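Chains as they are written, first to last, in numbering that gives the first Met the number 0: chain A, 0 to 466; chain L, 0 to 466.
Any given hint could be a false lead.
Remember, identical chains collapse to one label, so a pair may be satisfied in a single copy or spanning two.
When the alpha-carbon atoms are kept at most 30 Å apart in a straight line, the in silico DSS-like pairs for lysine-lysine are as follows [what the hints assert, rightly or not]:
| hint | residue 1 | residue 2 |
| --- | --- | --- |
| 1 | 250 | 15 |
| 2 | 245 | 349 |
| 3 | 91 | 44 |
| 4 | 15 | 437 |
| 5 | 310 | 285 |
| 6 | 366 | 190 |
| 7 | 283 | 429 |
| 8 | 37 | 249 |
| 9 | 310 | 91 |
| 10 | 437 | 182 |
| 11 | 444 | 182 |
| 12 | 437 | 21 |
| 13 | 285 | 43 |
| 14 | 310 | 249 |
| 15 | 264 | 429 |
| 16 | 422 | 245 |
| 17 | 37 | 91 |
| 18 | 43 | 349 |
The set of hints was computed from the structure by calculation and includes no laboratory data.
Keep in mind the model is a prediction, meaning the values are calculated, not measured.
Protein chains: 2
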Amino acid sequence: MADIYIRGGWIITLDKERRIIKDGAVAIEDGVIIDVGKREELDKKHRFTSDIVLDVSRHIILPGLINTHVHMMQALLRGCANYVSLIDWLTKRIWPLQGNYTPNEAVVSAKLAIVEMIKSGTTTFLETGLVGRYGPDRIIEEAVKPSGVRAALARHVMDLTGYATQENVLHEGLIEDGDTSLKDTIRLYHKYHGWMNKLWIWFGPRTPGAVSTTLYREIAAKARELETGITMHLAEVREDVEYTLKNFGKKPVEFAHWLGLTGPKTVFVHVIWVTDEEIDILAKTKTNVSHNPCSNMKLGSGAARISDMLKRGVNVALGTDGGPSNDDYDLLREMKHAALLQPLRTLNPKSIRVEEIIEMATINAAKALGIDSITGSIEVGKRADIITIDYWQPHLKPLNNPLSHLVYSASGHDVRNVIVDGKLVMFERKVLTIDEEKLLNEVDKAAYTLYERAGICIEPDTVWRIM
Amino acid sequence: MADIYIRGGWIITLDKERRIIKDGAVAIEDGVIIDVGKREELDKKHRFTSDIVLDVSRHIILPGLINTHVHMMQALLRGCANYVSLIDWLTKRIWPLQGNYTPNEAVVSAKLAIVEMIKSGTTTFLETGLVGRYGPDRIIEEAVKPSGVRAALARHVMDLTGYATQENVLHEGLIEDGDTSLKDTIRLYHKYHGWMNKLWIWFGPRTPGAVSTTLYREIAAKARELETGITMHLAEVREDVEYTLKNFGKKPVEFAHWLGLTGPKTVFVHVIWVTDEEIDILAKTKTNVSHNPCSNMKLGSGAARISDMLKRGVNVALGTDGGPSNDDYDLLREMKHAALLQPLRTLNPKSIRVEEIIEMATINAAKALGIDSITGSIEVGKRADIITIDYWQPHLKPLNNPLSHLVYSASGHDVRNVIVDGKLVMFERKVLTIDEEKLLNEVDKAAYTLYERAGICIEPDTVWRIM
């Protein structure tokens, strides 16, 4: 007897055969997908015996989306850092704000990011870097666990204060020493890693300039020993290339590879300024790439060579990045940006297909997080991470090409239901795990307290006159 | 006594002083804005005396958006033309489909485009080119007029069959001779131009290759005589530059200027492959540009030099283009694409500000259409074209920077109410002028009949297996 039975329209399975089932249905029991197929046949078994029947024949059914690059601590910073390139963006806006967080505000920011992700169909995400100041345990206990979604949470590890050039130092509130940051990551690992098959602790070495080569090697060794992941920004701006070339005589991917950071459990983020040879290193070592087109465009970082990476066999996944670099956490919108960026970059509309984009937001991302045995597709035996998208709307009509419409026309608002691990987390756009109205009432207060403490972003950034 | 009184949150007026009014309000009477100001003060006059009070204190109030480049006849073609560059896109997909329309299907397509625009906050649009085959009178009577929105409708004028190169000829169903197409435009002009201050008939010369120089000059003269507008695609792809250079020894803007097509009542669309000198011609002649970033990216056409144009004084407005090149008609989403494209193109995040983007979707567009005396901003004396956007949502929080959130995080779904000419056209997301459910039921049938007649787009375009 199924717990939830979804009678849908088109099911985009992302299974190994990449089947699309018209008039399909899915049955879920004890958190697991137990049946996928034609609605007509599955109806016989499940229609009148299941606890909950979701009758969504005008919906597209997709695996829950997986966001491979999230800064939860930037949700409260939305709109606080326009018109600045990466290094100024970090050192003059983001780090001073992030360095002033209290754990209370950190929980509010985490909840805001998560509720936005749920409402736009994300069921799993990779947080790129928590530090002690934010209070990671409270974020996990009060924001992540109760939300119901899956999360791989990287904790920052660092022992230097610089970023790329020596002048650009971290805000003091974010500085930790190597011993503390490494040990706390391991502590969190032992406390939370693998919890309910929904929570994983990763290593998040800071970018070149904030970590010594010795510590990088320690991180690589420790992550391998604990069989967990590593994620870090790499080759996001040209300055990154200059830095590793000047200091180590190596290009960014060569540098990371030399330190032992490449491999199938690693997710490098952005990876814009790389050569063919570096792409080949990524492919050969099965290192994963998180592509964040919005952020790369907004900050003027550049256009990643995603179509080249896919051709050369690199596993590429999608990410939204954070509040002030996107400025949303909506992976469906990110899919469109990803689909548009490659044709522009190459002036070739054949450079990427919508199927590849959908894979980047689902099964490729599950692979990147090392959890494709439990999620990333709709197939029997996997945990039930499933979203339903209402296609009975003008902008998704006519329904001749649902994959195309998903990528080019849908957005997070079109997601109606979200199921994680067989449990409804959002039903008909109502989030069931977080009190959204209460949260929205807390957000502005928490944000303004933080802005005032940091002395940044207090006034709206506009050349127009507010009266 | 006001007909409608809007008690809002932030009012982005776009008036000459570009005021933003916190806790603002707007009063409307007989279709005209009669009062704009602080809610506290306006409440005294209008709160208890108005027919309708829209209590939307958690909304941002904006002038209705104006879409300066729409192909209504491509709404039914959504998803029918991926992975092709402009010339193949036109000749192998779009023109054969458009050349097979029946007037019935044309009405359905027009309604679909319009309902999508209303639902995403567009109150005025510029259609780029109707032809006789579509039945322009029926489109106007059955789709445009009843919808309640304002529209400038260009009718195509042409006397050649080629496009850029001689091999790429128009589909026979779309071919008209110069005399017929010019006369019918003038007929439509006399029948509809100026109707209720909501409908205008423009000249829509086809792109270089489909119009002789003699006819271009006739169009320019006639449009000037009738004091109406001209809109045409220009310099969209590099082939356009090659064509005018090879055949006339002139670059595209020089070519158009030489033909008398430049001027304040002209909207050139795309305008990607242009030189500084050509931008200066546009500025000097006060010619308007419609920027369509999504379409330009998807088709791999290129990145228009919008920040350079703004710097040199060109009036730039926004447009979505059509169903298979975007693939939505959502101008709020287009704003984000426009904001992201310039930083990427220049690798400089300072290249464009959100205020400029908002102007491109409102007041600049009203100027481009020559109707800025009646719409494009919220100020006393103008017709009431107003939309309200719900900011009480996770992705628009915290509300420290509403202009930034509008551009980077909002989308058409966030629009709750749409008022055109002082009348509610959408109330709390329900479109009041078009039966949306009935239309959605008609759309697939009309689309598939059209696809089968044209022999294109019958099967979903996917490499995955549909079962």
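Checked hints:
{"no.": "1", "hint": "250 <-> 15", "verdict": "neither (36 Å within a copy, 51 Å between copies)"}
{"no.": "2", "hint": "245 <-> 349", "verdict": "between (37 Å within a copy, 28 Å between copies)"}
{"no.": "3", "hint": "91 <-> 44", "verdict": "neither (60 Å within a copy, 46 Å between copies)"}
{"no.": "4", "hint": "15 <-> 437", "verdict": "neither (42 Å within a copy, 38 Å between copies)"}
{"no.": "5", "hint": "310 <-> 285", "verdict": "within (14 Å within a copy, 46 Å between copies)"}
{"no.": "6", "hint": "366 <-> 190", "verdict": "within (24 Å within a copy, 62 Å between copies)"}
{"no.": "7", "hint": "283 <-> 429", "verdict": "neither (44 Å within a copy, 53 Å between copies)"}
{"no.": "8", "hint": "37 <-> 249", "verdict": "neither (54 Å within a copy, 60 Å between copies)"}
{"no.": "9", "hint": "310 <-> 91", "verdict": "between (38 Å within a copy, 27 Å between copies)"}
{"no.": "10", "hint": "437 <-> 182", "verdict": "neither (35 Å within a copy, 62 Å between copies)"}
{"no.": "11", "hint": "444 <-> 182", "verdict": "neither (34 Å within a copy, 63 Å between copies)"}
{"no.": "12", "hint": "437 <-> 21", "verdict": "between (39 Å within a copy, 23 Å between copies)"}
{"no.": "13", "hint": "285 <-> 43", "verdict": "neither (43 Å within a copy, 68 Å between copies)"}
{"no.": "14", "hint": "310 <-> 249", "verdict": "within (24 Å within a copy, 40 Å between copies)"}
{"no.": "15", "hint": "264 <-> 429", "verdict": "neither (35 Å within a copy, 48 Å between copies)"}
{"no.": "16", "hint": "422 <-> 245", "verdict": "neither (51 Å within a copy, 64 Å between copies)"}
{"no.": "17", "hint": "37 <-> 91", "verdict": "neither (55 Å within a copy, 35 Å between copies)"}
{"no.": "18", "hint": "43 <-> 349", "verdict": "neither (43 Å within a copy, 60 Å between copies)"}
Checked against the numbered hints given earlier, this structure breaks hints 1, 3, 4, 7, 8, 10, 11, 13, 15, 16, 17 and 18; the rest are met.
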